[in-house]
Amino acid sequence: EPEVTQTPSHQVTQMGQEVILRCVPISNHLYFYWYRQILGQKVEFLVSFYNNEISEKSEIFDDQFSVERPDGSNFTLKIRSTKLEDSAMYFCASSPGQGRTNEKLFFGSGTQLSVL
Amino acid sequence: SQQGEEDPQALSIQEGENATMNCSYKTSINNLQWYRQNSGRGLVHLILIRSNEREKHSGRLRVTLDTSKKSSSLLITASRAADTASYFCATVKRGGSNYKLTFGKGTLLTVNP
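As they're listed, the protein sequences go chains A and B. Taking this note's numbering as reference, the numbering of the first sequence is continuous, increasing by one, and the terminal residue is 119. Taking this note's numbering as reference, the numbering of the second sequence is continuous, increasing by one, and the terminal residue is 115.
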């Protein structure tokens with residue numbers, strides 16, 4: 004079965020550094036998302052991306068965050084200047100398209116980001 | 003409680019027993035979904051129930067939804083050791099985007115062989 008893949012599985016960085024988390028969504032999916040889970044807390048929506056632009060973002064997704072689809076297969080999340088509170092598991096997800104086909108999200112295994 | 007709160011937080015049962023997990027939420031919803039997460043893995047969609055449905059089945063899974071009580075339950079029958087995982091409910095708010103899920107903290111289910 005097709006799956007969403009994320010790299011790296013673990014990322015350690017120093018506070019203030021830039022990080023890029025990478026994802027390869029399922030190939031025929033049109034919508035892409037980032038969610039995150041801080042340790043011991045709930046999985047939270049960050050951003051959705053469709054047709055090469057952000058379609059919706061949460062209040063968490065401030066100017067330090069950006070997303071990009073640099074080519075036909077990758078979807079990236081960049082954090083410009085990491086803070087300690089950015090430490091979390093970041094999940095990429097994708098879904099097929101419009102309407103009810105977007106109800107079922109396919110998640111990757113996540114990237115555990117640790118900011119020191 | 004916050005949107006999408008599961009209980010219990012942890013549940014330990016013997017193989018072959020049934021496992022029931024509950025979820026409560028606060029706002030009106032379009033649908034409610036259950037996801038499973040095995041340790042170190044991603045979230046896997048299990049089942050979706052819409053706000054106008056009361057019960058749904060998928061294999062050994064049975065989900066109920068009571069919109070008057072703003073609650074849902076997930077029943078796993080004849081559990082197996084492979085069912086050991088964390089289970090999350092996630093809601094889509096009425097009028098909200100289909101993909102914008104609000105998750106609970108999850109129930110950690112351990113099925114002992």
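Quick caveat, the hints were computed from the structure, so don't treat them as lab data. Think of the CB as a built atom: it goes at the ideal place given N, C-alpha and C, for glycine as much as any other residue. Check each hint, because a few of them may be wrong.
Said to hold, decoys possible - Examples of chain B residues lying across from chain A (beta carbon under 10 Å, computed):
1. Q35
2. G42
3. L45
4. V94
5. G106
Consistency of the hints with the structure:
1. Interface restraint check: Q35 (chain B) against chain A, minimum CB-CB distance 8 Å, threshold 10 Å, status holds.
2. Given hint, G42 (chain B) at the interface with chain A, holds; its Cβ is 7 Å from that chain's nearest Cβ, closer than 10 Å.
3. Given hint, L45 (chain B) at the interface with chain A, holds; its Cβ is 4 Å from that chain's nearest Cβ, closer than 10 Å.
4. Restraint check, V94 (chain B) versus chain A: the minimum CB separation of about 7 Å is within 10 Å; hint holds.
5. Interface hint status for G106 (chain B): upheld, as the beta-carbon distance to the closest one in chain A is roughly 6 Å, under 10 Å.
Checked against the numbered hints listed earlier, the structure breaks none of them; every hint is satisfied.
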